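Enquirer: The chain contents come next:
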Amino acid sequence: EAQVTQNPRYLITVTGKKLTVTCSQNMNHEYMSWYRQDPGLGLRQIYYSMNVEVTDKGDVPEGYKVSRKEKRNFPLILESPSPNQTSLYFCASSSGTVYEQYFGPGTRLTVT
Amino acid sequence: GENVEQHPSTLSVQEGDSAVIKCTYSDSASNYFPWYKQELGKRPQLIIDIRSNVGEKKDQRIAVTLNKTAKHFSLHITETQPEDSAVYFCAASDKLVFGAGTILRVKS
Numbered sequence: 007e008a009q010v011t012q013n014p015r016y017l018i019t020v021t022g023k024k025l026t027v028t029c030s031q032n033m034n035h036e037y038m039s040w041y042r043q044d045p046g047l048g049l050r051q052i053y054y055s056m057n058v059e060v061t062d063k064g065d066v067p068e069g070y071k072v073s074r075k076e077k078r079n080f081p082l083i084l085e086s087p088s089p090n091q092t093s094l095y096f097c098a099s100s101s102g103t104v105y106e107q108y109f110g111p112g113t114r115l116t117v118t
Numbered sequence: 020g021e022n023v024e025q026h027p028s029t030l031s032v033q034e035g036d037s038a039v040i041k042c043t044y045s046d047s048a049s050n051y052f053p054w055y056k057q058e059l060g061k062r063p064q065l066i067i068d069i070r071s072n073v074g075e076k077k078d079q080r081i082a083v084t085l086n087k088t089a090k091h092f093s094l095h096i097t098e099t100q101p102e103d104s105a106v107y108f109c110a111a112s113d114k115l116v117f118g119a120g121t122i123l124r125v126k127s
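Line order of the protein sequences matches chains A and B.
Using the numbering used here, read the first sequence as starting at 7 and increasing by one per residue.
Using the numbering used here, read the second sequence as starting at 20 and increasing by one per residue.
None of these hints come from the bench; they were simulated from the model.
Take the hints with a grain of salt, since some may be wrong.
As the list claims (entries may be wrong) - Below, computed lysine to any residue pairings styled on SDA-like, alpha-carbon distance capped at 25 Å:
1. A:Lys75 x B:Asp113
2. A:Lys63 x A:Thr28
3. A:Lys63 x A:Gly102
4. B:Lys114 x A:Tyr70
5. B:Lys56 x A:Glu59
6. B:Lys114 x B:Asp46
7. B:Lys76 x B:Gly60
8. B:Lys56 x A:Lys75
9. B:Lys56 x A:Gln51
10. B:Lys114 x A:Thr118
11. A:Lys63 x B:Val125
12. A:Lys63 x A:Glu7
13. B:Lys56 x A:Arg114
14. B:Lys56 x A:Leu94
15. A:Lys63 x B:Lys114
16. B:Lys61 x A:Glu59
17. B:Lys61 x B:Gln33
18. B:Lys56 x A:Asp44
19. B:Lys41 x B:Val125
20. B:Lys56 x B:Ile69
Stated by the list, open to error - Derived Cβ-Cβ restraints for the label pairs, each shown as a range:
21. B:Ala48 x A:Met56: 12 to 20 Å
22. A:Gly46 x B:Gln64: 31 to 39 Å
23. B:Ser47 x A:Thr118: 41 to 49 Å
What the hints assert, rightly or not - With the C-beta cut set under 8 Å, the calculated list includes, among others, these residues of chain A facing chain B:
24. Pro14
25. Tyr16
26. Ile18
27. Thr19
28. Gly22
29. Leu25
30. Gly46
31. Leu49
32. Thr103
33. Glu106
Being a predicted model, the structure only gives us computed values, none of them experimental.
Glycine included, C-beta positions come from ideal geometry on N, C-alpha and C.
Produce the complete structure using the sequences and hints provided.
Expert: In structure tokens, the structure reads:
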């Protein structure tokens, strides 16, 4: 079954404690991206990757890191989480930016 | 960069009526305009998209129109049903800048 998976689905953590949200796709997609969703603000892109070892900043990259060592995986790293990073996070993959984006199930992160 | 504005933020319609959601964009170079539907607690899913070489696209009860001169595009849902209740997002450009979303409620 073609899918995008994210883990964990829910996470409550404290300020400053490093965390990683994993994202994996099995569709051999070259393009992967991370979004955060906040009420009234829609989906804002954090980082994207056009292919292995190629990543670039989206609209709201501050406080986040990513890596793309393998085609199927695109983890999101928060080195020192802060309360303003409390949000719903979605990973997505596709054949490119002008094609259908397949979203993961989302990760709800709370930073206290 | 691209800026996308979406209206209205909430929309309530009676079952069977039509619903229209409008988006405007700023970058005249944008040439791809998808619409995503997000049901409560679920992930966004593509429902229809349009490219700049066409003015209208239809898929059963859903249609999208594009006016490149005015830089706006709209989602039209006819004969609305309760299962159409969701948040709808428009997006523009190859960088996929999303609008803020429209909460559609279909009252039965």
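Enquirer: Run every hint past the structure and note whether it holds.
Expert: The hints, checked one at a time:
1. A:Lys75 x B:Asp113: 24 Å, holds
2. A:Lys63 x A:Thr28: 18 Å, holds
3. A:Lys63 x A:Gly102: 16 Å, holds
4. B:Lys114 x A:Tyr70: 19 Å, holds
5. B:Lys56 x A:Glu59: Not OK: lysine 56 of chain B and glutamate 59 of chain A at ~31 Å, beyond 25 Å, violated.
6. B:Lys114 x B:Asp46: 11 Å, holds
7. B:Lys76 x B:Gly60: Violated, at roughly 28 Å.
8. B:Lys56 x A:Lys75: Violated: lysine 56 of chain B and lysine 75 of chain A sit about 31 Å apart, past 25 Å.
9. B:Lys56 x A:Gln51: Roughly 17 Å between the alpha carbons, so the hint for lysine 56 of chain B and glutamine 51 of chain A holds.
10. B:Lys114 x A:Thr118: Violated, at roughly 32 Å.
11. A:Lys63 x B:Val125: 38 Å, violated
12. A:Lys63 x A:Glu7: It is violated: about 30 Å lies between the C-alpha atoms, which goes past 25 Å.
13. B:Lys56 x A:Arg114: Since the Cα atoms of lysine 56 of chain B and arginine 114 of chain A sit roughly 19 Å apart, the hinted pair holds (cutoff 25 Å).
14. B:Lys56 x A:Leu94: 16 Å, holds
15. A:Lys63 x B:Lys114: It holds: about 11 Å lies between the C-alpha atoms, which stays within 25 Å.
16. B:Lys61 x A:Glu59: Cα-Cα ~30 Å, so violated.
17. B:Lys61 x B:Gln33: Cα-Cα ~24 Å, so holds.
18. B:Lys56 x A:Asp44: Measuring from Cα to Cα gives roughly 16 Å; hence the hint holds.
19. B:Lys41 x B:Val125: 17 Å, holds
20. B:Lys56 x B:Ile69: 15 Å, holds
21. B:Ala48 x A:Met56: 12 to 20 Å: 19 Å, holds
22. A:Gly46 x B:Gln64: 31 to 39 Å: 21 Å, violated
23. B:Ser47 x A:Thr118: 41 to 49 Å: 44 Å, holds
24. Pro14: 16 Å, violated
25. Tyr16: 12 Å, violated
26. Ile18: Hint violated; isoleucine 18 of chain A Cβ to chain B Cβ min 18 Å, cut 8 Å.
27. Thr19: Hint on threonine 19 of chain A: violated, closest Cβ of chain B at ~22 Å, above 8 Å.
28. Gly22: 29 Å, violated
29. Leu25: Violated: closest Cβ of chain B sits about 21 Å from leucine 25 of chain A, beyond 8 Å.
30. Gly46: The hint holds - glycine 46 of chain A has a Cβ within 8 Å of chain B, the shortest such distance being about 6 Å.
31. Leu49: Constraint on leucine 49 of chain A satisfied, holds at 4 Å.
32. Thr103: 4 Å, holds
33. Glu106: 5 Å, holds
Of the hints listed earlier, those the structure fails to meet are numbers 5, 7, 8, 10, 11, 12, 16, 22, 24, 25, 26, 27, 28 and 29, in rising order.
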